[in-house]
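J.: Mapping to the UniProt record's numbering: the sequence shown position 33 is 33, numbers consecutive.
Any given hint could be a false lead.
SDA-like, lysine to any residue: derived pairs with alpha carbons at most 25 Å apart [what the hints assert, rightly or not]:
1. K57 <-> K75
2. K35 <-> K47
3. K47 <-> R84
4. K72 <-> Y60
What the hints contain is simulated information worked out from the structure, not anything from laboratory work.
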Amino acid sequence: MNSNELDNYSGKEWRRIEGYEGYYVSEDGYVYNVKLDHVLTCNSLVKGYKRINIKGKNYYIHDLVCTAFHGKRPKGYTVEHKDRCKTNNYYKNLSWETQKVNNNNRTHNGVHTQPLTVNQWRLLFDRYLTGMYSQHEITDWANTQFNRKSDTMVYNNILNGKVYKQWYAQLTATELDEIQSTISKYKTYYRK
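Please build the complete structure, drawing on both the sequences and the hints.
T.: This is how it looks when you write it as structure tokens:
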């Protein structure tokens, strides 16, 4: 089956996935394998985004759709979901934007998470220093505890002192050593 036959069969527009002979992506994010003659299933959601495995390599659906329908990713750009819905991979909902534009749009659409207070920041550190939380567990705990929607990278930056620097500078040498010990214990991404 080629893309024209797929268009006629499904009523959707399909485009070839560059670099993968016999693989097509639809206008709304379905991936078709010609050899197997079926639509592949998304194998996971990562941070709310749909992902699929093609020949042993994982791809975000939004990247495949945006590339197929809007061209190659310009250097320094990322996919923008115009409606802020991470699972809406319809090509008209996607565009290439800089990370700055993407972040600004996120803020203006009510998705921006409020900054931590000094008490919340301290509670986060105290909880992490118990050594009982992995990277993902502390992220889940903090998001629930503080009514936030941040991902692990945000907490990575907090726990490494890249944000809230004025508070991080007040930690004792012992606390800083404990943080690095906890990081090593869980082999998390929280590395300076």
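J.: Next, verify each hint and record whether it holds.
T.: Hint by hint, here is what the structure shows:
Taking the CA atoms of K57 and K75, the gap is about 21 Å. The hint holds against a cut of 25 Å. Between K35 and K47 the CA atoms are separated by roughly 30 Å; this puts the pair beyond 25 Å, and the hint is violated. At roughly 13 Å between alpha-carbon atoms, K47 and R84 fall within 25 Å of each other, so this suggested pair holds. Proximity of K72 to Y60 is assessed by CA-CA distance (about 14 Å); at most 25 Å being required, the pair is judged to hold.
Consistency with the previously given hints fails for number 2 only.
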